[in-house]
Each structure stands twice: as C-alpha cells, then as structure tokens.
Amino acid sequence: MRLRWKLTVASLKMFTRQKEAIIWTMLLPLFMVFLFGFVSFEGLEPIRIGVAGAKDEQAGRLVGRLGEVRTVQVTRGEESSELAQLKAGKRHLVLVLPEEFDPAGGSELRVLVNDGKPEETQLGLVILRKVLDDATFEMHSAPERIPMTIQSVASRRSSYIDFLLPGVLSLAIMQSGIFGVAFGFVSLRKRGVLRRLSVTPMRPQDFIAAQVTMRLMVLLAQIVLLVGVGIVFFDLQFMGRLLDLFAMGLLGGAVFLAIGFFLAGIAKTEDQVVPLANVVSLPMMLLSGVFFSRSNLPEPVRLVTEFFPLTYLADGMRSIVLEGSTLPTLWLQLAGLGLWSIVSIWLAVKVFRWE
Amino acid sequence: MPPVILAVNNLCKRYGELVAVDRVSFSVHRQEIFGILGPNGAGKTSTLEMIETLRPIDTGMVMLDGLDVQKHPRQVQQRIGVQLQAASFFEKLNLTELLLLFGELYGRPVDPLKLLGEVDLQDRAKAQVDQLSGGQQQRFSVAAALVNDPLLVFLDEPTTGLDPQARRHLWGVIRRIRSEGKTVVLTTHYMEEAEELCDRVAIMDRGRIVADAPPQKLIGDLLASGFKQARVERLASLEDVFLHLTGHALQED
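Those sequence lines, one after another, are chains D and Y.
With the working numbering applied, the first sequence corresponds to residues 29 to 383, in that order.
With the working numbering applied, the second sequence corresponds to residues 12 to 264, in that order.
Bear in mind the hints are in silico, worked out from the structure with no lab data behind them.
These numbers were taken from a predicted model, which means no experiment stands behind them.
Glycine included, every Cβ here is placed at the ideal spot set by N, Cα and C.
Be aware that a few hints might be false.
[Claimed, not checked] Chain D is faced by these chain Y residues, among others (derived, beta-carbon under 10 angstroms):
id: 1; residue: 60
id: 2; residue: 85
id: 3; residue: 88
id: 4; residue: 95
id: 5; residue: 96
id: 6; residue: 97
id: 7; residue: 100
id: 8; residue: 104
id: 9; residue: 108
id: 10; residue: 109
id: 11; residue: 111
id: 12; residue: 117
Work out the full structure: start from the sequences and follow the hints.
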C-alpha cells in the first residue's frame, strides 16, 4: 500500500512537471471552451431588410416603424444596389416601394427574398406584414384589437456553453485516458524504464495501480477545473451534484484508461500509438455529440453512435450538469459505461505486455 | 578463498534456432570483480539476464547466495543490484527523487546523498538524468543499482561509449564498491578494462565459455604456449597519450 502510494505521488510529480501533459489535459479543453463559448451558434441573425423606391414621408414612417422592431436592421438604398446586397447574402429581404407609396391602399409592393436564409426570410415577411398592417390600420378606423398583457418570466437560459462544456469535459477525459496512458506506457517500455523496474521486487500490478490512480486524480482535477471555469466565466448553470459528476467521470475514465492500456499492448512503438489512438478516438470525438447534438446525424449513424462509450459519458455528464440528474436516473449511461469497462479491461489484460 | 556467492551451472538459452547460451558454468566468489568478456552476440547479456531474473532460464541452474534463482526470484531481487544496458529512468524526477523511489521499490529507506557520493554525483543531486553527461548517467545507474545495499552488483557493459577519463572514473567507483564488501559481475568488450579491473574473467564466444581464469594467468598461459605479438611492444599506448594530454583525474566527465 505504501509503495503504491509512493508510486502514485511520484507519477503525479512527473505528470505535473511535464508541460505537454498539462497542455493536453488541462489547457486544450479550456481553450476549446473559451473558443466555442464566446462564439454564438444559436439564435437568429438580425433580420436585414433593405428598402428601395419611394423616399417620401410615408416611406420614411414605414422605415421608422420597421427600425423599432428589435431584431430588424433596416437600410435604404437604390433598388439595384440593394439587390446586389441581397445576392451577396447581406440582406434577407429587399422591399421595393412604388413611386407613390400610400399605406391606405392602392399601391403594390414588391419583396425580394433571400433563398438561402429561409428562416430569417420567413420571420422578416411576418414582421413586414405586421408593420404594413399597422400602418394601414392607422389610416382606416380599425377594428379593436385583442389586448395582450405581457409578463416576463425568468427562465433557465440554456446556452451553447451549457451544452458544450460537459461534452468537452467528456472529451478531455477520453483524450487524456487514451493518449496519456497509451503514449506514456509505450514510451516507458521503449526507453527501458519498465525493464529496469522489473529487476526490482516491485510487482507490475503496483505500478499499474499507481498509474491508474494518478490518471483518475488528474481526471477529477479536469472536472473541477472545467466546471469551475464554466461557472466563473460563462455563467454555467450547474444543476447537478459534483459527486455524481465525479462518479460518472471515474467510470468513463476507467473505460478510456483501459482502452489506453489496450492500445499500449498492441502498439510496438510510440509512432504506432498515435494513429491507433486516433482511429479509436476521432469517430467518437466527432460523432458522440460532444460539440453538436447527435439528433442531426443520419439515422443509421445516430443509432451506431448511441453505443459509443463517449456518447454514454457525454450524455450522462450533460444530463447531470444541465438537468441535475442523479445517478439512478442515468442507469442507461452507467450500464453502458459499465459494460464497456468490462470489455475494455478484459481486452487490455489480454494484450498487456510489460516488455 | 572467500565463499562462492554465485554458482551458474549448465545454463542454456535458445532463441528459435539460435543457441545464445550454451551450457555455461562458472562461479563467483564473494568480493570478487568478475568479468564476462566476449564479442557482441557472444551471449554475455543473455547469461546475465537469466541470472538477474529478467529472462526465463531454458535449462540449467543458478544459485545466488544459496537461493535458486528460478524458485525464489523475489528474494534474489532483494539481494542483487542491476545496471542494464540501454535502460533508462523516469523523466522529470531528479536524482534524489529517483533514488528515494527506487528505495521504496525495495521497501527500504535510502540516503540519496550518500549513494550519490559513492559515485561522485553529490553535486548533481537535483539534476534530472537527461541533464547528465554519458559518464554521469552510467555512474548514476550504478548508484541506482546500490539502493538496496546488494550483495552482488551486475553491470552490463558499464563503460561502453564512454571516453577514457569517464571510463577510468567508473573503474574507480567499481573498485570502491568492491572495497565495501560487495561482489561485482560485469560484462565488457574492452580487454584493457578487464585486465585492469577484474580479478577473474570468463571469455565467452558463441554462447560458450572458452576460458575462465585471472587475466594475468590467461596472458601467462598464452605466452608460455610460445605466442609472440606481431608488433613490437611499446612502452606507451595512444590511450596513455590521450590521458596524458587531457588530464588523468578529471572529476567532471
């Protein structure tokens, strides 16, 4: 026990003194969070409407009304130049007013719409219709409108960072498990360190236990770091319990560490480790719903990704972080990871080579 | 004569068709410096690795301090110190930390400074292995072989690749280890090293031991058989010139 502890402490020392290790396990995930956290993928773009044609008072009032709508940006210009902007994708709609614009009726408007942006275009048309109707109502004695009272309710604001952070956390756990162990272990073997250890009375399982303990401690640090940064810098709404996150992370970590040892067993040199690790990790990184929801995937692909260990881990962690789920409700993810850990540990033991 | 501490009897090792070690027998006495000489591929390292528990023994027997190596590998490991060819240590730990950690592997406390002093590295205590010169690295790996205060120290080609000063420095360290009551078994393919350092040498060729005696006796026997060197004996060698010009007792190599 004392030996295992001493070996763990020594491994931690080696880990923390290794710049690359810190960069890969701590800084890179942080970088991803900062990079994507400040980029907004969600929400509609402001709706850009160009107005061409009449420049009289009525036209001016219409433009004023449009400008009052918060999501609309209005520009005025000649028809030709506005059309050019529309083609360049810089307008969603171009409204062409007739020479004599009369909201009371009798004049016909033309609207050119951007085919490439159907959502913004649709919304823009609705807003335009409404503004025109308002103008018309003002002219005629309009029927009474149904009154609305508007009351704002504070809601859980789920932003992309809330989705992203648990995903990046799972990704970081996978990467440091697979790459850290596989590369580190092959390098120790290749450089003869393991050979030197094997002439001492130390048993290999003591060394493995220390390596695993060290990696799991790093994993907990990753969780604390990323969740902490999320809360402090991105106003992350952390709904769950840290302990549940730890438990889910450790189970996932066990799977990926075992995969790392498995790869270390089948790779002969460091040069072979990296492509092998990429073959295993890249599909998961891209398809396990780390950065984007899996619901956009084609159905057969989505079905396969359902069974990826990273999918179980990312879904589980996201559910804990966003919905405050507790472990018993995440039985599917736990079972999935449990099964994976049995399979991967079995494989790792099967191909394990000290020398 | 001091008691036998290592007895190797009819040791064999095969790799497929190749017989790497072929019925090798020898014994080493306490506090001896015993050299195994031979060209590359003669089977020196394989022989050593079987004795050190690193490689399974095909047939034959090794008794070390009265223990059968095959039956009691753990007890044997407690009694031996090993320096391997082309083995290295953990990166990012300094010499002191490495020695303390190796002490833990044997479950015993270690005085790193004293050990480093034995190999003249006390002033590099906080350095990491990759910051040491070749000679210093070899001396450090000798220090690491001493953490468990072993009865027997195995050094596999400890001076290969070192310059003459570094080599002489290591010879001094090895003699010091012996003077502390330890037994040293080393391999080398430098004849002058064997002649200078070893009390007794076994010469190996193609897996077999072809001679086993003190160096002076082997030389005497050869001369008695009427051997004459082709060249006229010189009173100094090029190595002597080199050492004379670059300094004999350099501490920093």
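Report holds or violated for the interface hint on residue 60(Y), using the least CB-CB distance to chain D and a cut-off of 10 angstroms.
With Cβ-Cβ at 9 angstroms, under 10 angstroms, it holds.
*Does residue 100(Y) meet its interface restraint, that is, does its C-beta lie within less than 10 angstroms of any C-beta in chain D?*
holds, 6 angstroms
Check: Do the numbers back the hint for residue 108(Y), that is, is its least Cβ distance to chain D under 10 angstroms?
Finding: Status holds, d = 7 angstroms.
| Evaluation of the interface hint that places residue 111(Y) against chain D, nearest CB under 10 angstroms | Result: holds, 8 angstroms to nearest chain D Cβ.
- Task: Hold the hint about residue 88(Y) up to the distance rule: shortest CB distance to chain D must be less than 10 angstroms.
- Result: Holds - the Cβ of residue 88(Y) comes within 10 angstroms of chain D, reaching about 4 angstroms at its closest.
Would the hint on residue 104(Y) stand, with a C-beta cut-off of 10 angstroms toward chain D?
holds, 6 angstroms
* chain D contact restraint on residue 109(Y) - CB to CB distance below 10 angstroms -> holds, 9 angstroms
### Query
Is the hint on residue 117(Y) kept, meaning its closest Cβ partner in chain D is under 10 angstroms away?
Holds: closest Cβ of chain D sits about 6 angstroms from residue 117(Y), inside 10 angstroms.
Minimum Cβ distance from residue 95(Y) to chain D below 10 angstroms?
holds, 6 angstroms
Residue hint residue 85(Y), partner chain D, criterion CB-CB below 10 angstroms: Interface hint status for residue 85(Y): holds (5 angstroms vs cutoff 10 angstroms).
- Regarding the hint that residue 96(Y) lies at the interface with chain D, is the smallest CB-CB distance below 10 angstroms? holds, 9 angstroms
Interface hint check: residue 97(Y), Cβ to nearest Cβ on chain D, cutoff 10 angstroms. Holds or violated? holds, 6 angstroms
When the structure is compared with the earlier hints, no violation turns up for any of them.
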